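Protein chains in written order, with the UniProt record's numbering: chain W, 1 to 214; chain C, 1 to 893.
Honestly, the hints are just simulated from the structure, not real lab data.
Some hints here could point you the wrong way.
Unchecked claim - Below, in silico cross-link-like pairs of lysine-lysine (PhoX-like), each with a Cα-Cα straight-line distance of 20 Å or less: (1) C/K372 - W/K48; (2) W/K32 - C/K372; (3) C/K287 - W/K48.
This structure is a prediction, so every number in the text was calculated from the model and none was measured.
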Amino acid sequence: MSESYEYLFKFLVIGSAGAGKSSLLNNFIGNKFKEDRCHTIGVEFGSKIVNIGGKSTKLQIWDTAGQERFRSVTRSYYRGAAGALLVYDVTSRDSFNALVNWLRDARTLASPNIVILLVGNKKDLEESREVTFTEASQFAQDNELMFLETSAKTGENVEEAFLKCSKTILAKIETGELDPERIGSGIQYGTATSKRLTAPKKPPRTPSDCACHV
Amino acid sequence: MENRHAPPGVNSRSETAAQSAADLEVLREIEHVYFSPPAQFDAARYALEHAPTPPDCDAIHRMFTKLKRQQQVVSGKALHLISQQRDNCDREFAEIQNIREQLAQTLQTCREAREQLKTASNHLTISTFVILANVRKRQIIKSVLKSLELLRSLRSVEKDVADLLSKKEYFEAIDLILKSKKAAANNKEYTCIADLSTRLQDTLDMTEEKLDSVLASICHNFDEDVFKKLKKAYDLLGKTQAAMEQLHMHYSSAVNESAIEAVKPFLNEYTIELKFQEMCQSVPTNKAPMCLLNLCENLFRVMRSYYLLVNWHLKNEEIQPSSSVFDIEKNVSREYIKQKLKAGLIRIWHDVQAKVSIFLKSSGLEEFQFEKFIQMLGILRKLTQVAEIFCGDTSDLLQDFIKTQSVSYIKNYHRGRMEELKLFLENEGWEQCPVKATFNVLNLQEFKQFRKYLNPKSDIVKGPQSEATSSVPSQDDSVYISKYFTEKTSKTPFEIFRNANVTNDDIFGLEPESEGSDESDDEPDELRRDFVEDTDVQDFSNDIQSSPSKIKESVIVTNTTLSVLRNCGQYLQICRYLPQISLEVIMLMNQLFDYYFYAVHIFFTSDLDVASSTLYSTKLNLVLKRISNSINGGDDTKFECPSNPEHLDMISEANLHGLSERIVGVESVIFLAKQFELLQPYLESIVASHQQMILEHFRDNTLMVVEDLRMPVYMCSASKAVDARSALIAMSQVRWDVKNVAVEHSPYVDMIIRKIQVFALRLENVATRVTLNMRVVQSVWGMVSKFVVHLLVEGFSNATKCSNGGRGLMQLDYRQLFVKLEKISGLKPVPYQDYVDKYVKAYYLPRNELEIFVRDRTEYSNKHLLALVSCACENKRDRQALTAIIECRDAGS
Ligand SMILES: Nc1nc2c(ncn2[C@@H]2O[C@H](COP(=O)(O)OP(=O)(O)O)[C@@H](O)[C@H]2O)c(=O)[nH]1
Ligand SMILES: [Mg+2]
Chain W
1 MSESYEYLFK FLVIGSAGAG KSSLLNNFIG NKFKEDRCHT IGVEFGSKIV
51 NIGGKSTKLQ IWDTAGQERF RSVTRSYYRG AAGALLVYDV TSRDSFNALV
101 NWLRDARTLA SPNIVILLVG NKKDLEESRE VTFTEASQFA QDNELMFLET
151 SAKTGENVEE AFLKCSKTIL AKIETGELDP ERIGSGIQYG TATSKRLTAP
201 KKPPRTPSDC ACHV
Chain C
1 MENRHAPPGV NSRSETAAQS AADLEVLREI EHVYFSPPAQ FDAARYALEH
51 APTPPDCDAI HRMFTKLKRQ QQVVSGKALH LISQQRDNCD REFAEIQNIR
101 EQLAQTLQTC REAREQLKTA SNHLTISTFV ILANVRKRQI IKSVLKSLEL
151 LRSLRSVEKD VADLLSKKEY FEAIDLILKS KKAAANNKEY TCIADLSTRL
201 QDTLDMTEEK LDSVLASICH NFDEDVFKKL KKAYDLLGKT QAAMEQLHMH
251 YSSAVNESAI EAVKPFLNEY TIELKFQEMC QSVPTNKAPM CLLNLCENLF
301 RVMRSYYLLV NWHLKNEEIQ PSSSVFDIEK NVSREYIKQK LKAGLIRIWH
351 DVQAKVSIFL KSSGLEEFQF EKFIQMLGIL RKLTQVAEIF CGDTSDLLQD
401 FIKTQSVSYI KNYHRGRMEE LKLFLENEGW EQCPVKATFN VLNLQEFKQF
451 RKYLNPKSDI VKGPQSEATS SVPSQDDSVY ISKYFTEKTS KTPFEIFRNA
501 NVTNDDIFGL EPESEGSDES DDEPDELRRD FVEDTDVQDF SNDIQSSPSK
551 IKESVIVTNT TLSVLRNCGQ YLQICRYLPQ ISLEVIMLMN QLFDYYFYAV
601 HIFFTSDLDV ASSTLYSTKL NLVLKRISNS INGGDDTKFE CPSNPEHLDM
651 ISEANLHGLS ERIVGVESVI FLAKQFELLQ PYLESIVASH QQMILEHFRD
701 NTLMVVEDLR MPVYMCSASK AVDARSALIA MSQVRWDVKN VAVEHSPYVD
751 MIIRKIQVFA LRLENVATRV TLNMRVVQSV WGMVSKFVVH LLVEGFSNAT
801 KCSNGGRGLM QLDYRQLFVK LEKISGLKPV PYQDYVDKYV KAYYLPRNEL
851 EIFVRDRTEY SNKHLLALVS CACENKRDRQ ALTAIIECRD AGS
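Sequences and hints are given; from them, build the entire structure.
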């Protein structure tokens, strides 16, 4: 594959089960919308190269299962994420109420500098809306999150969500607020940059001095 | 006659003759002058002039009386005379009247007579001549008129021909032109049409051009009627054969044109200079499948038209056996055309293939999403089926192309999956995914289609019907496609691809009953929907805590395992559509396994701090070596090794150095191997029989070997259970040259046991995070035991002096240790005891047996054996001899 990019951002998509996380990811990477999507088991993965402010950037996106029983499985993917889409379903008050927990997990488990964008999904279902835009905006403001309402069904604002988040990350790199070189930043230099971080070579295993010979 | 009034005074005829004599006298006396005509004589004047001189009354009076008398006599005389003539007059008048009447009658008769005479003369003479004259005139006019009409029609030939052409009356048009040409030639004398014959030639040329363009349109849509008309026209022109040659050229350019027309709408900008290949290259990748579809449809239309053309000829142009020279000549021409048509089938198919190949080569097929790629394949497959009907060609060219493209696509696709797998592995938390204990690969959505071939409950594995997946169209397919080779449809067999809801199976005509059979067998469906364990993680860990020693049979999978399995499902899907490269795909699928296997090994043995000669079985070593070679091998099979995860806690003693992660890692590989084994029968059914060996080899030498991974991995944790250094120090403090056999075991034993107890407690803790099945527990404890026996042998071999009592103490020590270990671990018997047992007891062997022992027991190091020999042999010579053997052994190996 002849893909080259300057940065690689690790992204998370989190939020309650059924909020439309997988649908958002699939829409973003260009798959068809499915009415009856299976629940995500553990995590799924998608990646896409996008152009942000003239820089081609690979987004490595981890779509996590929202169900409680998968928390332990999904937790390890939080580590070192540069950005996260925190998703709730505008037609489900419960999913909105759960945001506090998701947010806490993200802030504690992921990089502390993680850029989080609040996403109110299923905005196409206006008639059964339970969470107003203003209310969610307020929540976003209180918690210093960016905010967008999307529809994975119609595709409205989906790409914008990922791009907006990426742009913010890029801006933070440029102002020096984020340091790609720091381990766990969730950012890597890509193939297009000369500063490519070579994967730390595994130290050759030295035969143990241990007297024990098994 | 009527009576006239008598003049005054003359009343009667009875007046006597006397009177008459008197009257005569008076008359005589009348002066003569009074008888002059009144114009020359005025009586009154005369009377006056002659009046009596002297006029006296008497004289006058007398005169008057005289005159009066005279007048009376004259009047009487005149009256008398008139009366005398009246009858004569009346008589004469009647006579006149009579004559007049007769005259009128005569005139009438004359007139009639003349009239009739005139008519007679008319009828009899003039009309005949006029008729003759008229006939002559008419004849002259007619001939003029004919010429004029001819001229007029000649002058309107162009318009008439155009009319006929627009009515598709080609034959008539040609006919008209030819006849007109003849007529024009015959009427050269009319100057008004002198230039007509050249113009008619022009018209003929133009008409032929028009015919040619109609002929060209045949290429896109064969219409029997139109073609018949054309053929008749060409027959008339005597140009049938030339027209057929021309038609072949049209078909060639129709292939070209329709290819360009198909691609054009997908370009952002189009200029005529653009070559087809360049056009293809600038089709955006996301539009390529649509574009290919368009291309195939357009090309199909040309093919259909040609096919119908050929068919028409086969049907309608029978060679009639005949002996006439003319017919023979005609038959030769017919035969020639037929051959030409038949050859054309292949030629057109080649042209079509060339176009499609150019498109495919420039379309960057490799970059396609899987769905799109499959769709493209479906289109191509259909095209090969079309070709089969079209010209009976098995389209090796395209098939080969499909195969090589598929292989390179799948390799590229695989590369992507491998990169993704690397990511998954590097990010894997090695947490157990909560799935039901009954979970297996067939519960995954991706394996839905394969369930019926791989029901684990029934042992019979039914392979998919080979003809359903074979690339050669089945009977049904060809019938189905033939339907599109008829004239009365504008549909193409490619239309199915335009339907957004079409599934891959529809495209490939695979197992239409798939859905139905799935429904009837509702259990797997149910499983699929919910193979995830319902209970939360918390619940089942409670479960374990309540009975810590209870060992559950359960499935250990990681998120990455599931993702590998899902990918396998995708790979098998690909196989269904690309049966000709099944083996290649399966090998790549196996590489997913290899990579996972390899990564787990690398991740979880990186801190193995014991030398490992007996931890790795030969097969395990071989398979790891094989994988390492294949991953780091040639250019297109080279994959980066996953880098060791830094996020895992492999150091903390409390977690037994990441034992739970290690268990999840290893057990998930083992589970994965089991799933691969489960698929094995199906895999064998989709490859050629001579390829099955390769799969068997993989099963026997890779899948069956994965359990061996437990030893090195679990050893990493087990070897840290007991701190070797302090244990060895403790052992070195024991006196082995005691005289008597001790009653108490040595203190180091308790020290080791305490460590092992701690290990057991921590293992319970691990069990709250991972379900530990019997095999795992056994394996872990086995490694603890293995480590302990090696530790003991190492410790014992450090004793340079050892008495019988010391040897006894050793036995006492390790027996005690194993009793305890057996209790703690629940293993009965504790494995690997032999290792220390044999070593300690070798001390008692006689010289020759000891020699055999040191020569053959390669599991002990030279150091071990040298220590053994130095303790066991009191005789110095023997000791030197055995030492030599041991050192020799080293050199020899
Ligand atoms: N109407 C509508 N339905 C949606 C939208 N996004 C997701 N869904 C549906 O919501 C359900 C759950 O979506 P899914 O992506 O699996 O949610 P996840 O559990 O967060 O990954 C699915 O049935 C989707 O079809 C949306 O934007 N509009
Ligand atoms: Mg999901």
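### Query
Of the hints stated earlier, which fail here?
Checked against the structure, no hint fails, so every one of them is satisfied.
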